[in-house]
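Enquirer: Residue strings, one per chain:
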Amino acid sequence: MSGPSIIIVGASLAGLRTAEAIVALRPDARVTLVGAESHPPYNRPPLSKEAIQALADGSAPPDAVFEKLLLRSRLNPEDVNLRLGRAVTGVESDGVRLSDGSLVRGEWIIAATGLRPRRLPIPGMESVRHVLRSFDDAQGLAAELQPGKRLLIVGAGFIGCEIAATARKLGLSVTLVDPTPQPMLKALGARVAAAMAQLHRANGVHLILGRFVESFTDGSAILDDGQRIETDLVVEAMGSRPNTEWLSGTGADLEDGVLVDGRMVAAGTENLLAVGDVARFPNPIFDTVPRRVEHWSIPGVTAKRAAESIAALTDGKEPDAAFAPMPSFWSDQYGMRLQAFGAPTLAETQTVIEGDLSRVGTEPVIVEYARDDRIVGIVGLGANPASLAKHRSRIADASTPFAAV
Amino acid sequence: MKIDVDLTICLLHGQCVIAAPEVFSFADDGSLVWVTDPDEGLRADAEAAADACPEQAIIIS
Chain F
52 MSGPSIIIVG ASLAGLRTAE AIVALRPDAR VTLVGAESHP PYNRPPLSKE AIQALADGSA
112 PPDAVFEKLL LRSRLNPEDV NLRLGRAVTG VESDGVRLSD GSLVRGEWII AATGLRPRRL
172 PIPGMESVRH VLRSFDDAQG LAAELQPGKR LLIVGAGFIG CEIAATARKL GLSVTLVDPT
232 PQPMLKALGA RVAAAMAQLH RANGVHLILG RFVESFTDGS AILDDGQRIE TDLVVEAMGS
292 RPNTEWLSGT GADLEDGVLV DGRMVAAGTE NLLAVGDVAR FPNPIFDTVP RRVEHWSIPG
352 VTAKRAAESI AALTDGKEPD AAFAPMPSFW SDQYGMRLQA FGAPTLAETQ TVIEGDLSRV
412 GTEPVIVEYA RDDRIVGIVG LGANPASLAK HRSRIADAST PFAAV
Chain R
151 MKIDVDLTIC LLHGQCVIAA PEVFSFADDG SLVWVTDPDE GLRADAEAAA DACPEQAIII
211 S
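So the protein lines, in turn, are chains F and R. If you read the first sequence in the numbering used here, its first letter stands for residue 52, the second for the next number, and so on. If you read the second sequence in the numbering used here, its first letter stands for residue 151, the second for the next number, and so on.
Fair warning: there could be bad hints in the mix.
Stated by the list, open to error - Okay, the calculated bits of chain R under chain F, using three or more residues with CB under 8 Å as the criterion: (1) 170 to 180; (2) 183 to 192.
What the hints assert, rightly or not - To give a feel for the contact side, a few chain R residues facing chain F, derived at Cβ under 8 Å: (3) D195; (4) P204; (5) Q206; (6) A207.
Claimed, not checked - Quick list of simulated restraints, FRET-style, between CB atoms: (7) R:A194 <-> F:D307: 30 to 36 Å; (8) R:G180 <-> F:D423: 27 to 33 Å; (9) R:S175 <-> F:R169: 38 to 44 Å; (10) F:D275 <-> R:E172: 53 to 59 Å; (11) F:P174 <-> R:V183: 40 to 46 Å; (12) F:R156 <-> R:V183: 20 to 26 Å; (13) R:D178 <-> F:S150: 51 to 57 Å; (14) R:D154 <-> F:A115: 29 to 35 Å; (15) F:I173 <-> R:T158: 41 to 47 Å; (16) F:R279 <-> R:S175: 33 to 39 Å.
Because the hints were derived from the structure by calculation, they are not lab data. All values derive from a computational prediction rather than experimental measurement. All C-beta atoms in this analysis are idealised placements derived from N, C-alpha and C, irrespective of residue type, glycine included.
Kindly produce the complete structure, drawing on both the sequences and the hints.
Expert: This is the structure:
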């Protein structure tokens with residue numbers, strides 16, 4: 052009897068790791084990995100940092116930059132049928148339809164299609180407006196990042212802030228605009244976000260908060276208060292939208308990504324799973340609310356989970372144990388590492404347990420995040436990894452009573 | 151099984167310490183230490199650590 056046939060849609064970190072995990076668990080599986088980009092699977096976080104800097108300052112040729120991004124894999128070429136440069140347009144009764152018109156047949160579909168950047172829904176200055184999600188985006192943007200140019204970044208989330216830091220290093224004049232009162236506010240909470248705002252200002256970023264871009268005219272963005280920002284270049288970094296349109300009609304809940312259970316199986320379906328940035332899953336470390344989590348660690352753990360689920364389900368079993376991955380994310384800005392564990396975004400209170408927030412960027416700081424007297428997150432700013440690791444274990448400890456409920 | 155970490159690209163994210171605590175840990179000064187020749191039974195953990203490394207700095211042979 053031949054093994055299950057599995058189509059993984061999306062050939063980035065989540066798709067690649069899913070393929071590896073399936074091949075490891077079910078060597079008899081027939082796996083097809085479909086990717087819209089023509090590049091083999093590569094690592095995205097450096098795009099806003101080292102990669103774009105090297106592309107912009109010419110310290111390495113594009114091929115060498117890409118080579119460093121390329122994800123190493125344990126797969127052998129014969130393990131997986133790799134179909135790159137083709138998007139999936141829809142799901143049909145016996146498989147998925149690709150943009151070249153061909154049909155890939157399979158019993159299981161795994162959605163690993165990730166996200167695409169949100170765009171400003173206003174016209175003007177189109178030729179100098181960029182986003183950053185792919186290597187091709189990075190090459191296009193890097194070609195414009197010349198010293199002395201004026202760069203306007205719309206959106207002060209992690210990507211916007213990282214691009215700001217990289218562009219300052221490259222000698223551009225940077226304005227960062229966001230409608231919220233502080234950069235990275237949702238992820239870090241008010242106190243740490245305010246300290247990060249200070250760090251950006253100290254590094255020469257013109258930070259305009261509580262404002263949004265209302266229109267573009269020749270060479271300027273006009274903000275909602277009438278302020279005119281003259282600029283040579285615009286980056287739109289206002290977050291992302293899940294790529295799930297191709298799943299319409301499958302019965303899956305596509306409200307925000309793909310709603311899945313702890314097995315990564317999409318609610319309302321039997322043979323559709325989702326992994327990585329598009330998966331909206333509950334995490335018993337925190338509560339029962341399903342959430343999408345756009346952290347680098349999530350593709351790896353959801354991929355492994357999805358593969359375990361398929362291996363179990365094809366044997367007529369259920370995957371054992373709860374799925375409760377510890378989220379973690381990081382950011383590098385102005386040579387300072389921000390490292391977070393847990394879900395600081397869920398916290399009601401923030402307590403500085405080491406250092407002083409007014410010294411962020413010069414001294415190590417560790418902040419503890421709590422909700423209902425339970426520790427839900429730890430954030431280190433330039434902190435010693437050993438102290439952070441010690442504090443991190445307290446999140447899991449704190450979660451035990453809830454997870455046991 | 152041999153484990154090598156390319157410390158020229160390691161940025162101390164510490165994901166390996168989470169994935170394979172019996173193989174990787176931090177010294178008090180914050181530097182990464184690891185078992186260079188762990189038992190074969192730790193291979194799955196070590197591979198998970200290599201996968202979890204954002205810099206792909208862990209080499210298992």
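Enquirer: If a hint holds in the structure, say so; if it doesn't, say that too.
Expert: Against the structure, the hints come out as follows:
Residues of the region 170 to 180 of chain R with a Cβ under 8 Å from some Cβ of chain F number 6, which satisfies the need for three, so the listed coverage holds. Three residues within the 8 Å Cβ limit are the bar, and the region 183 to 192 of chain R against chain F gives 0, so the coverage statement is violated. This hint is violated: R:D195 has a C-beta 12 Å from the nearest C-beta of chain F, more than the 8 Å allowed. About 6 Å separates the beta-carbon of R:P204 from the nearest beta-carbon of chain F, less than 8 Å, and the hint is met.
Checking R:Q206 against chain F by beta carbon gives a least distance of about 5 Å; that is within 8 Å, so the hint holds. Nearest Cβ of chain F to the Cβ of R:A207: about 10 Å, over the 8 Å cut. The hint is violated. The supplied range of 30 to 36 Å is met by R:A194 and F:D307, whose beta-carbon atoms lie about 33 Å from each other. A C-beta distance of roughly 32 Å is found between R:G180 and F:D423, which places it inside the suggested range of 27 to 33 Å.
Checked against the hint of 38 to 44 Å, the pair R:S175 and F:R169 passes, with Cβ atoms roughly 40 Å apart. Evaluation of the 53 to 59 Å hint for F:D275 and R:E172 yields a pass: the beta carbon distance comes to about 55 Å. Between F:P174 and R:V183 the beta carbons are some 56 Å apart, a value that contradicts the proposed interval 40 to 46 Å. Between F:R156 and R:V183 the Cβ separation comes to about 49 Å, which falls outside the hinted range of 20 to 26 Å.
Against the hinted window of 51 to 57 Å, the Cβ-Cβ separation of R:D178 and F:S150 comes to about 54 Å, which satisfies the hint. Between R:D154 and F:A115 the CB atoms are about 22 Å apart, so this pair departs from the stated range of 29 to 35 Å. F:I173 and R:T158 have their C-beta atoms about 45 Å apart, which keeps the hinted 41 to 47 Å range intact. In this structure, F:R279 and R:S175 break the distance hint of 33 to 39 Å, their C-beta atoms being roughly 54 Å apart.
In terms of the numbered hints stated before, the structure departs from hints 2, 3, 6, 11, 12, 14 and 16, listed from lowest to highest.
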